[in-house]
Structures are given as C-alpha cells and as structure tokens.
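Starting from the known structure of chain A, fit chain B onto it as the hints suggest.
There are 2 protein chains.
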Amino acid sequence: MQNFYYSVPTKAYFGKGVVSKIGELAKEFGSKAMLIYGKGSIKKIGLYDTVVNSLKENGVEYVELTDIMPNPHITKVDEGVALARKEGVGLLIPLGGGSCIDTAKCIAGCYGYDGPAWDVILNKSLVKECLPIIAVPTLAATGSDMDAGAMIHNEATHEKKQLMHPDLFPKYSLLDPEYTYSVSKKQTAFGVADIMSHIMEVYFSKTEGAFLADRIMEAMLKTCVKYGTIACNDPKNYEARANLLWVAAWGCNGFTGCGKIPCRWSVHPLEHEIAAFYNDPHGQGIAILTTSWMRYVLNDYTADMFATFGVNVLDLEPSADKYETAKRAIDTLENLFRSWGIPQNLRESGIGLTDDSKFEIMAEKAIGAADKINGCVPLSKEDVINIYKAAF
Amino acid sequence: MQNFYYSVPTKAYFGKGVVSKIGELAKEFGSKAMLIYGKGSIKKIGLYDTVVNSLKENGVEYVELTDIMPNPHITKVDEGVALARKEGVGLLIPLGGGSCIDTAKCIAGCYGYDGPAWDVILNKSLVKECLPIIAVPTLAATGSDMDAGAMIHNEATHEKKQLMHPDLFPKYSLLDPEYTYSVSKKQTAFGVADIMSHIMEVYFSKTEGAFLADRIMEAMLKTCVKYGTIACNDPKNYEARANLLWVAAWGCNGFTGCGKIPCRWSVHPLEHEIAAFYNDPHGQGIAILTTSWMRYVLNDYTADMFATFGVNVLDLEPSADKYETAKRAIDTLENLFRSWGIPQNLRESGIGLTDDSKFEIMAEKAIGAADKINGCVPLSKEDVINIYKAAF
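Going line by line, the protein sequences match chains A and B.
Okay, so the first sequence: first residue is 119 according to the numbering used here, each after it adds one.
Okay, so the second sequence: first residue is 119 according to the numbering used here, each after it adds one.
Among the clues, some could well be false.
Copies of the same chain look alike in the list, so a pair counts if it works inside one copy or between any two.
DMTMM-like mimics (lysine to aspartate or glutamate), calculated; alpha carbons at most 25 Å apart, straight line [what the hints assert, rightly or not]:
id: 1; residue 1: Lys344; residue 2: Asp422
id: 2; residue 1: Lys344; residue 2: Glu326
id: 3; residue 1: Lys161; residue 2: Glu205
id: 4; residue 1: Lys242; residue 2: Glu142
id: 5; residue 1: Lys440; residue 2: Asp422
id: 6; residue 1: Lys483; residue 2: Glu466
id: 7; residue 1: Lys378; residue 2: Asp352
id: 8; residue 1: Lys129; residue 2: Glu247
id: 9; residue 1: Lys499; residue 2: Asp418
id: 10; residue 1: Lys340; residue 2: Asp433
id: 11; residue 1: Lys145; residue 2: Asp285
id: 12; residue 1: Lys161; residue 2: Asp352
id: 13; residue 1: Lys324; residue 2: Asp352
id: 14; residue 1: Lys378; residue 2: Glu296
id: 15; residue 1: Lys242; residue 2: Glu146
id: 16; residue 1: Lys354; residue 2: Glu326
id: 17; residue 1: Lys134; residue 2: Glu326
id: 18; residue 1: Lys378; residue 2: Glu357
id: 19; residue 1: Lys324; residue 2: Glu296
id: 20; residue 1: Lys324; residue 2: Glu357
id: 21; residue 1: Lys324; residue 2: Glu435
id: 22; residue 1: Lys490; residue 2: Asp422
Since the hints were made in silico from the structure, they are not lab data.
Next up, chain A with everything else stripped away, as it sits in the complex (with noise of 0.2 Å):
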C-alpha cells in the first residue's frame, strides 16, 4: 500500500427534490451567479425552472453561458471569463454533464489570469484566483461534480487538455437521479464505460496490498455493471439512476486511487484522440478501446488482474488457467456493452473514422513528448498504434 493523499471537500446533497436549496446555498457567494449548460434539455426537465426559482427567491441575480457542446471548447471558456468579468460574477454553476461542469471549472481557474485561457490550461501555475462552484450533475458519466479536474479541447490545435487544481473542486453538488431519466439509451451507456473505465484505470495499477481499495473499486463496478443494463433498459429506474450517479462521483475524485501505484492512464489518453480528431462521444471511444486494449496488453502480468476482475466482478467461475478466465472476463466486458448498445469497433461507430490515416498522428499525440504512456503496461507509439487498428 503506497503512501497518499486524500482530499475531496465537495459537500453533497442527494437525492429527489435537493436542487431547490441551490439558492439558499448560492447566497453564501455573492448577489450573481452564472449559469451553464448547453442545449437547452434542462429547460425540458425542469430543472432550469426549479434553478432559477430558487435562485430568484433568494435574490441572487444570474446571467446565462449557454450552447455547451460535448468535448467542450475553449473557445467557451473565454467567452466565460469575459462575461463572468463583466458582469461581477461571484458564481459558477453548471447544469449539464461533464463538458459544463469542465467548462465551468476552467472559467474557474482561468478567471485570475489577465490572457488567453488556453495559456492557463497549457501553464497550470496561472491559476491564481478561482470563482467557487455549486455543480449539478445531469449525467452519470464524468464525475466532475466531485472532483477537481477539467478536460477541455483546443478545435484549432486538435488538442484536449486536463486542467487540475485544488481549488476546482465544486463547493457543493446537488445530485438529484431523476434528472438523469431523459439520458438516452446510448448516453447512458457511454456514461456507464466512461464510470467504469475511470475506475478500472487505477483498479489495474498492481500493487502489492492495496486490499481495501480493490475490493472498493470492486464493489463500484459491480454497481456499474448491474444498473448500467438496468438503466439502458428502465431509464425511470430511480434505484439504477441513483446507484448510478453516486458511482460516478466516487469513481474519479481520487478515493479509488487511496494506496494504489499512481500509474498513467492507458485508455482514456488514447480516446482523447479520438475526440480531438473525430469529436467521438467520450464514453463510446472508451468502451471500443477498453477492450481492444486488454486483449492487447494481454500478459503474464495482466491476466492475474484481468482474470481477478472477472472473478470479482463479473462472477465469473475462474478456471485453472489464468489467461482463460482473463479472456472470458474480456468477452464477458466487450458482450455487456454490446447489450447496451455500444458498437464495438471505431468503424461502426458513427463518428467518420473510416480509415487508419490518422492513427499515426494520433498515437503521436497520445504519447506526447514521452517515449511512451507508462500506464500500467507501459504503451509504445507503435503499441498505440496497433490498438486503434484492433479497434477499428
């Protein structure tokens, strides 16, 4: 078990009914707020009626950042500085899934820097001053109502960046499950990968004793995979809804990783390429490359955890072979997200990706300017290479 540290002072409510405190908790922020979303589907849930109401009961003033898209732009966040400066906003507060919260949190960050934003996501030590959050999570997915990262994306440079800092962790998140009923089929299940995929890329780190953890990430996943078909099935499940919303803050604030081998990510750097160069959704890419990725890290060293997340948390029967049962447990995965309706190649996914040419840029990209992603089995720019083409 490796030494840590563990901080997630986000303070939650959850449950039906506890997006109307938003204004009581807002007045502790100053007299205006901004809010952030994207399409509009807040309006159709309800849920910007109910935000608004409470905020004008409680006399905060607010000003509107709207048009958020998937994989989110900074050229957005810009606009969210200048508009946060102008009107003296004291305030952030998203609605939506992850790219407004992400979009949110840069703002945030980016708010004390006198520049471009993509300055500050390029140089982390701008961060001077952060706007506080109170986040409200629409979607089971990203987790970013509880922890303190960001990713955003750079349209003219084909590049999405992480922004982390102590001070982006939301002041207060406002989990309310039946706001996820209208997450389509599809989006629910890239959601789901999305959840798993954060746990799963610290649950592979291998490290001798890290018991309580893996058993914790154990029980997470279980949870993922048994209301993820659930949900895909039953989108007014409130108990799959709920299990589900509350996986995903845990699944990427940190706690997972408590005693684990702080190793790269091995799948989400490869999707984040895919995103930048296709606009894939996140948690479709995810799920493709997941399993193209086990089977091709396949090994000695992989089957035992492979096989162990089979065990665990597919109860799957373990066979005498280790390789065996990894594979059933690489089957089994790739076979649940086709019953949720994940394609399970790049080609069928919709997303324009039609051909390799850019594979190699890509794995570039990916790799940036190491020689390799030392995840948990270290990838070469030709490893990458060669599981995009397994994924295509």
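Just chain B, lined up with the frame of chain A:
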C-alpha cells in the same frame, strides 16, 4: 436509496513518514498548539519526538495535556479548555487513539462556551467557535480522525454522551500505520471489532436499493476480517496495519450511510452503558454484544441481512434456509472474534461484571427518554436486559 447529505472535509496524509509534515501544517493555525495524549506510549514509539521536532523546526510552540484515559473524562475537557485559554492555543493536536482525539474534539467544541464543558455536551447549540484539530491516530478503531463526532464520559453521573458538530472534523489527519505496530494483540482485536461494528450498525439498516453502499461496506468488512487476523498474529505487518487504519477512518465518517435509511445504532448504545458502569474497553464490549444482539434479533427480517453478510463478507456457502446461513454467519463471526483473543461473554472479560445487578439501570439509560432503541430492530428495555443476560 434515501436522500442524504455528505461532507468529509478532512484532508488526509497517509503512509510512512507523513507525521513529519505536522509542523508545516500546524503553522496555518497560529504559533501555539496543544498536544493531547495519554500515558506516554507515544514517546516509546518515537511519535512524540517526531511531532515536537517538526513543530520546533517550524516555529510552533506547544503545551501539553496528558494522561488521557480510555473512555475519556469530561474533567479533562474542562482542564483542556482552561489551558487553551490561558496559553492562547490556536490548534489542538491529539496523538493517540479515539480517546485523545475525542477529548480534543470536546475541547474544540467547548472552547467558545464560558461554563462547564458538560453543559455543551448536553446542549450542542452552545458550540460556537471551534478550535482547529490536526489528528494523529495511533490505533485503528474509532475513525475519530476523519469524522465530526466524539464520545465523552461523565464519571460522576455514569453517563457517556456524544458531541457531534460539522466544525469538529479535523482539518488534517496524519495516518502513519507504523505508529500502530506497538498496539497489543488485545487492543488490535478490540479496535477491529469496533470498526466492524461501526460498519455493521449501518449495513444492517435494511434499505431498498442502497446497493453501492452495501457492496462498499462488504468490501470494508472483508478488509477487517482479513487484516484483523493478520495484525493479531503479525503486529508489524505493514499491509495489515495500513488497510486497518484506512478502513477505520472510513468506517465511521458518514460515507457508509449514504443512501441507507438512517436508523439508530443498536449495539453501540448497549456497550456505552457497560463502559459507563464498568469502564469496559469499548471494542471488547462491542465484540461480545454484537453476536448476542444478532442472535436475539434473528427474525425473518434480519435473517436475510445476516445471511447476506455471511455470504458476501465471510465467504460462506449459502444454504436454502436463510436462518441456517444466518446462524452460521453469527457463529463464524463469534469464532473469528474468539480467534483474535476476545472473550465472548461479559463474565470472563475482566471488567468486574460478575452479576446482573446493574442490567436494569443500564438498560434504562441505554434507552434514554424514548421507550425503545429504534434500531433496525427496535429494542425495548426488556430486550436490552435480555441481550445483556445473553452476553453475560
């Protein structure tokens, strides 16, 4: 799954050597701290020197409140409050088990009230300005280093009461498993029984659909079962001490209850009366009462839960009859505690409880002003007496 509020703002540094950070962290809270510890075992294990050297290096002065006893006394709280005021202390640093940390919390909570500390224990609204705390636990048991509650004993009135306030979360917890190496086999066993009880008191609250919470608690309980045995037999096993110290911190800070129906604990209030009247080591009383309570409340409702506990935590094979599985689970747990050296009845536990003469008054006090303990199975005064008798 029930609505809930979650907040655990304590920052934790975990692992070998982390206590040497204490001076640097203490500086955030002024120039004078109060060390709070017991009989001086912290000097034998080198913890005292590490702490005072780090404080000195960082220019932090300190005063000392010593001789804190198990089932800590309110008189020590009054003494601590007076000392803190006289010396202008800005930070409390408990070094020890739950007794030291709970004493620190009571001092923190009573500091802003000008009168006897017991007034505050009886009336939480008197808690005003709380002194900050940096906790250094030397025992895996209460988890007081990452929660907002404290138990305190009034020896004059034979009362053991809880103080709970959101401002009582330690600001930091510095958890070095090596400082728990010297804990005796007996105290190790008592500590793990206490951790298990914190988890089981929540786990056995039957709640539809709190799947994630239940599976996480099983992960925690499996950790206790595995490493309780290892630590009892191999006290310097780092992996065991580390997993136990981390699970203790999470067993009692509110995380396990997220989504569960909040019902009153059953075994703890019964044990608190044994502690109040016989100064019982808390974890010993807990271990003895737990299996007696389980046998007493075994019914159609609890048999399901105890059987699930047996299968998912103790790895028992389920049988067709849930009662049979539940009984095997209770027997297995009793044998586990016995294998750790914990006596399985009060008579033989060495606390001077040689007859049932106080069971009636203890039962009355356990129930308090209500007519029963509204745990997962409500317990009348008669029930409590019967459980004491069964445990006798």
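Non-conforming hints, listed in increasing numerical order: Result: no hint breaks.
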